[in-house]
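S.K.: Modelling step: build the complete structure from the supplied sequences, incorporating the hints.
Residues 491 to 761, numbered by my numbering, are exactly what the sequence shown covers, in order.
In case anyone wonders, no lab produced these hints; they're calculated from the structure.
Misleading hints may appear alongside valid ones.
[Claimed, not checked] Simulated crosslink set (DSSO-like; lysine-lysine; CA at most 27 Å straight-line):
1) K707 with K724
2) K582 with K599
3) K599 with K692
4) K692 with K724
5) K692 with K707
6) K707 with K720
Since we're looking at a predicted model, the values are computed, not measured.
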Amino acid sequence: MSSDDFNHRQSLERSLQLSNLQAHRLDQVLTDDVCRRLGIFVIPEGFRLTVVIPVFNEVNTVLDVVERVRKTALPLEIILVDDGSSDGTREKLASLPESDDLRVILHDKNRGKGAALRTGFEHATGTAVVVQDADLEYDPDDFRFLIQPIVEGQADVVYGTRYGHHDRQVPPLWHVFVNRWITRLSNLRTGLYLSDVETCYKVIRRELIQELAPQLKENRFGIEIELTLKLARKRVRFYERPIRYDRRGFDEGKKIGWRDGVRALYCMLRY
Numbered sequence: 491m492s493s494d495d496f497n498h499r500q501s502l503e504r505s506l507q508l509s510n511l512q513a514h515r516l517d518q519v520l521t522d523d524v525c526r527r528l529g530i531f532v533i534p535e536g537f538r539l540t541v542v543i544p545v546f547n548e549v550n551t552v553l554d555v556v557e558r559v560r561k562t563a564l565p566l567e568i569i570l571v572d573d574g575s576s577d578g579t580r581e582k583l584a585s586l587p588e589s590d591d592l593r594v595i596l597h598d599k600n601r602g603k604g605a606a607l608r609t610g611f612e613h614a615t616g617t618a619v620v621v622q623d624a625d626l627e628y629d630p631d632d633f634r635f636l637i638q639p640i641v642e643g644q645a646d647v648v649y650g651t652r653y654g655h656h657d658r659q660v661p662p663l664w665h666v667f668v669n670r671w672i673t674r675l676s677n678l679r680t681g682l683y684l685s686d687v688e689t690c691y692k693v694i695r696r697e698l699i700q701e702l703a704p705q706l707k708e709n710r711f712g713i714e715i716e717l718t719l720k721l722a723r724k725r726v727r728f729y730e731r732p733i734r735y736d737r738r739g740f741d742e743g744k745k746i747g748w749r750d751g752v753r754a755l756y757c758m759l760r761y
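M.R.: Written out as structure tokens, the structure is:
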């Protein structure tokens, strides 16, 4: 063996020893509990997440949302429900290539977010269902963190809270004030201790949401309150986890307004 070969062999052995040492130290640091806290867990065979995306006049963002959802690399079923768009969104949806993991459903007229969600819920076939708005305010990279309590059998419903993440866009004071009061009033009705009842990110076991879907009446944003009240009445296990949120302004197409806040209060009394 030449001296060069000998030196090369020694170098490889030292590198291997160092790698083994680093792996051993990593095993000591990344305990099962630490991995769970970091959202590192095994997704069981057969698990699939249905992503219901209600769409109304989101021509500028709808394809980006689909791309970002797919980049999560989770086993997915994507259901896009176009709620009577008239701005070219339908043409964008028609341009999507056919795929086993994607389905587009068209409403003949605008019926509201609640109606679009009911349609999506009824067609879901996954293990769990999550709602994804089409306007890029919410980050699909949070899906894995949100489904973990359901995968591990700790929850039936997981809400993503916009007020618990250390790295988030700071919302206007009025937005926080209104949402906090609606959430507190909802908590008084349900006996829960949620921090963000109006969040888009709600992950629910598919059997549970399909049992409730025919009972849901709200066609607009009031469905957030109605759904929470009816879930709480079933005494299911709730979980809450922090998510990222990039708020969109009304000039960018945000559709929820003060009337929807009033409707939320009405829903608390009605349901």
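S.K.: Next, verify each hint and record whether it holds.
M.R.: Taking the hints in turn, this is what the structure says about them:
1. About 17 Å separates the Cα atoms of K707 and K724, which keeps this hinted pair within 27 Å; it holds.
2. For the hint linking K582 to K599, the alpha-carbon distance of about 17 Å falls within 27 Å, and the restraint holds.
3. The hinted pair formed by K599 and K692 meets the criterion: a straight-line CA distance of about 26 Å does not exceed 27 Å.
4. With a C-alpha separation of about 16 Å, the suggested pairing of K692 with K724 holds against the 27 Å cut-off.
5. Straight-line distance between C-alpha atoms of K692 and K707 comes to about 18 Å, which keeps the hinted pair within the 27 Å bound.
6. Of the pairs offered as hints, the one joining K707 and K720 holds, with about 11 Å between alpha carbons and a cut-off of 27 Å not exceeded.
Violated hints for the displayed structure: none, as all numbered hints are satisfied.
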